[in-house]
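Please model the entire structure based on the sequences and the hints provided.
Quick note, the sequence shown lines up with residues 0 to 243 if you use numbering that gives the first Met the number 0.
Hints in this document: simulated from the structure, not taken from any laboratory. Since the model is a prediction, treat every value here as computed from it, not as a measurement. In this text, a Cβ means the ideal position worked out from N, Cα and C, and glycines have one as well. Don't take each hint at face value.
What the hints assert, rightly or not - The following label-pair restraints were derived from C-beta to C-beta distances:
| hint | residue 1 | residue 2 | range |
| --- | --- | --- | --- |
| 1 | A170 | T59 | 19 to 27 Å |
| 2 | G90 | Q41 | 31 to 39 Å |
| 3 | V169 | S14 | 47 to 55 Å |
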Amino acid sequence: MAEHYGWQWHLDWKSALMTALMLPVLVGLGFWQLARAEEKAQMVDAAESRRQSEPVPLSTLPSYDNYQPVTATGQFDPQRYWLLDNRIVNGQFGYEVVAVFTLSDGQNLLVHRGWIPGSRNREVMPEVAIPQGEMTVQGEIYVSPDKPFSLGDVAANDSGWPRRVQWLQVADAQGAVENLVPTMVMLSESSPAAFRTKPVSVNVSPQKHRGYALQWFAMSAALLVIFLLRNSNLAALIRRRKVN
Numbered sequence: 000m001a002e003h004y005g006w007q008w009h010l011d012w013k014s015a016l017m018t019a020l021m022l023p024v025l026v027g028l029g030f031w032q033l034a035r036a037e038e039k040a041q042m043v044d045a046a047e048s049r050r051q052s053e054p055v056p057l058s059t060l061p062s063y064d065n066y067q068p069v070t071a072t073g074q075f076d077p078q079r080y081w082l083l084d085n086r087i088v089n090g091q092f093g094y095e096v097v098a099v100f101t102l103s104d105g106q107n108l109l110v111h112r113g114w115i116p117g118s119r120n121r122e123v124m125p126e127v128a129i130p131q132g133e134m135t136v137q138g139e140i141y142v143s144p145d146k147p148f149s150l151g152d153v154a155a156n157d158s159g160w161p162r163r164v165q166w167l168q169v170a171d172a173q174g175a176v177e178n179l180v181p182t183m184v185m186l187s188e189s190s191p192a193a194f195r196t197k198p199v200s201v202n203v204s205p206q207k208h209r210g211y212a213l214q215w216f217a218m219s220a221a222l223l224v225i226f227l228l229r230n231s232n233l234a235a236l237i238r239r240r241k242v243n
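Right under this line is the structure:
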């Protein structure tokens with residue numbers, strides 16, 4: 000009896016059912032991640048476009064969009080500020096200073112003044128120079144969209160000022176400062192009252208979603224290969240071809 004060397008197909012209903020159920024899901028997830036990548040790319044473009052615009056007075060904004068250059072006029076509270084702990088710059092321990100800035104209209108604003116070096120003695124709080132009198136500061140609006148992870152805050156004084164913490168969110172500060180504008184301004188390097196500052200990076204990554212999409216499409220392709228191997232003699236044909 001002659002051996003059959005051609006293509007043979009024998010449908011396995013279990014693998015066919017699994018493929019019919021799983022393949023649309025995997026492909027759909029891949030296209031969803033591509034859509035998310037496009038959405039993030041548009042967010043990056045919008046953020047970069049805002050960064051290139053001229054600073055506008057904070058009081059004129061209808062909403063507080065991240066990376067919007069702004070100016071604000073008022074004066075720094077001489078007592079109330081936070082020290083964000085364990086900030087290392089070029090191998091040196093220090094703090095980032097977030098101050099309360101009282102605007103001309105009486106509202107309070109969180110102003111990130113930048114980094115200052117700290118003492119090797121953890122019990123010694125750094126001396127922070129507080130500018131006196133009314134001034135106009137300049138910077139970018141930025142509130143992190145992510146909730147920071149922390150093992151707990153380290154407070155210099157639970158009821159007094161300044162306060163040393165690991166992280167500070169606007170929502171946390173609202174319990175400590177009255178009439179607070181729901182955003183934060185990161186001072187630019189050239190602004191009055193700025194310490195050592197650096198531009199805030201646009202924390203959005205379209206590439207991450209494209210990578211996820213590639214993974215979902217690869218899983219879809221693998222599922223199709225398994226389906227073909229399960230329902231045909233493709234594997235035997237490949238082995239025979241290698242032998243010959």
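Hint-by-hint comparison with the structure:
1. A170 to T59: 19 to 27 Å: About 24 Å separates the Cβ atoms of A170 and T59, which means 19 to 27 Å holds.
2. G90 to Q41: 31 to 39 Å: Between G90 and Q41, where Cβ atoms are some 38 Å apart, the hint holds.
3. V169 to S14: 47 to 55 Å: 53 Å, holds
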